[in-house]
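*Asks:* Sequence:
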Amino acid sequence: MTNRTRFAILAVTAPILAFTLVGGLLGRASANEDTYRYLAIFEEVVSLVTDNYVEQVEPERIMEGALWGLAEALDPESSYLTPREVELFDEGTGIHTDNIGLVLTRRYYIQVVAPRDGSPADVSGLKPGDFLREIDGQPTRTMSTVRAYELLNGPAGSTSSISVIRNNAAEPISLELTRNNTKSRSISSRFVGPGVGYLRIAEFDDTATESIASATEQLAGQGAQNLLIDLRNTASGTFKAGMAAAELFTPADTLLIRESSDSQEPVIRMGPKSSISWPIVLITNPGTAGAAELFAAVLTDTTTAESVGTRTAGRAAEQTLVNLPDGGGLLLSSSHYLTASGTSIHRTGIEPAIAVQEPTIELTQTPVVPMEDPLLDRALERVLQMTTQL
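Note that the numbering used here has the sequence shown beginning at 173, numbered continuously upward.
Heads up, some of the hints might be wrong.
[Said to hold, decoys possible] Okay, derived cross-link-like pairs now, DSS-like style, lysine-lysine, Cα gap no bigger than 27 angstroms in a straight line:
{"#": "1", "residue 1": "K299", "residue 2": "K412"}
{"#": "2", "residue 1": "K445", "residue 2": "K412"}
{"#": "3", "residue 1": "K412", "residue 2": "K355"}
{"#": "4", "residue 1": "K445", "residue 2": "K355"}
[Stated by the list, open to error] Here are the in silico distance ranges between beta carbons for each label pair:
{"#": "5", "residue 1": "V295", "residue 2": "S435", "range": "41 to 49 angstroms"}
{"#": "6", "residue 1": "S449", "residue 2": "V364", "range": "17 to 25 angstroms"}
{"#": "7", "residue 1": "R313", "residue 2": "R519", "range": "16 to 24 angstroms"}
{"#": "8", "residue 1": "R233", "residue 2": "T538", "range": "12 to 20 angstroms"}
Calculated directly from the structure, the hints in this document are not laboratory data. For every residue, glycine included, the Cβ atom is placed at its ideal position computed from N, Cα and C.
From just these sequences and the hints, can you work out the full model?
*Replies:* Right, here's the structure in full:
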């Protein structure tokens, strides 16, 4: 083994070994024999690459590739971050797109979880599940969501070019999004039929619980006897806010179960008992994610509420950033949520009681607005049935 090979192995395996040994920070036991056996195999692979590959490969490149591959084998919310991306994550720049309006994940490429209501992404016609193949000319095949958010963020009035694949389209569509600082209301309400209130929750922010309570009180004062809650493309907000809002609708003491690698603990309600007992139907789609999924899980698991639409995103995990010696980091899902009855939400999503498919819309440079809303129509039909069954 040459000195160059020894140096490469040390440079590459040290950060990975360090990560293995700090596994206890995430509630895991110390590395077991299997872990060390795989590290020995990895060391052998590094040696083979360094000694036999036709071109010289820098140890840093091998290390980044190895850590990237390690994270890719986990859930889409876990990822390897470069030192620069760790800085962006710590600053908050790499976790949202304020003036483009997208929540993102990774599945082979950068993928849209959901656009925010009224945002440039929403107006352009982007939908949950769309793949961003390129952002401003940069391929996303090995791009982290932190880097994607950095590219998409920018001053109001500036533009970002994206290349988008929808479903199994053979060729991507190029779109240009103009950033703006306009933000639609997180909570809005109206009537969609006699006695049928409609509540749109676009985001579970810090004011969501208060706004939802106010909206439902106003609907009740105007004669509402039942309620539709629209959670389609609701992917922004905190888990805490989603659970707090759910307390308005459930009398249950145990809302959810929080599970880590070595423990389970019940999530207990923090506020007073619910006073809202209307028939409730939730409307969900693949853009129903995160806080909205916890909200939906509490209502459908602990009350008589039902859901109509399609399966939710399955994003119900909390991440922990583990810092590496070189300044990089591993963003790992360290806990996730189950329903109070013990059903997993993360990576599986919530299956609706009544499945209704959304209209298929082809992605074009000129957005197509659907003329019908079969999910809303079916939800309205179901909530009226529930009312007559009381």
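*Asks:* Confirm or reject each hint.
*Replies:* Taking the hints in turn, this is what the structure says about them:
{"no.": "1", "hint": "K299 x K412", "verdict": "26 angstroms, holds"}
{"no.": "2", "hint": "K445 x K412", "verdict": "17 angstroms, holds"}
{"no.": "3", "hint": "K412 x K355", "verdict": "22 angstroms, holds"}
{"no.": "4", "hint": "K445 x K355", "verdict": "32 angstroms, violated"}
{"no.": "5", "hint": "V295 x S435: 41 to 49 angstroms", "verdict": "44 angstroms, holds"}
{"no.": "6", "hint": "S449 x V364: 17 to 25 angstroms", "verdict": "20 angstroms, holds"}
{"no.": "7", "hint": "R313 x R519: 16 to 24 angstroms", "verdict": "22 angstroms, holds"}
{"no.": "8", "hint": "R233 x T538: 12 to 20 angstroms", "verdict": "42 angstroms, violated"}
Hints 4 and 8, counting from the list given before, are not met by this structure.
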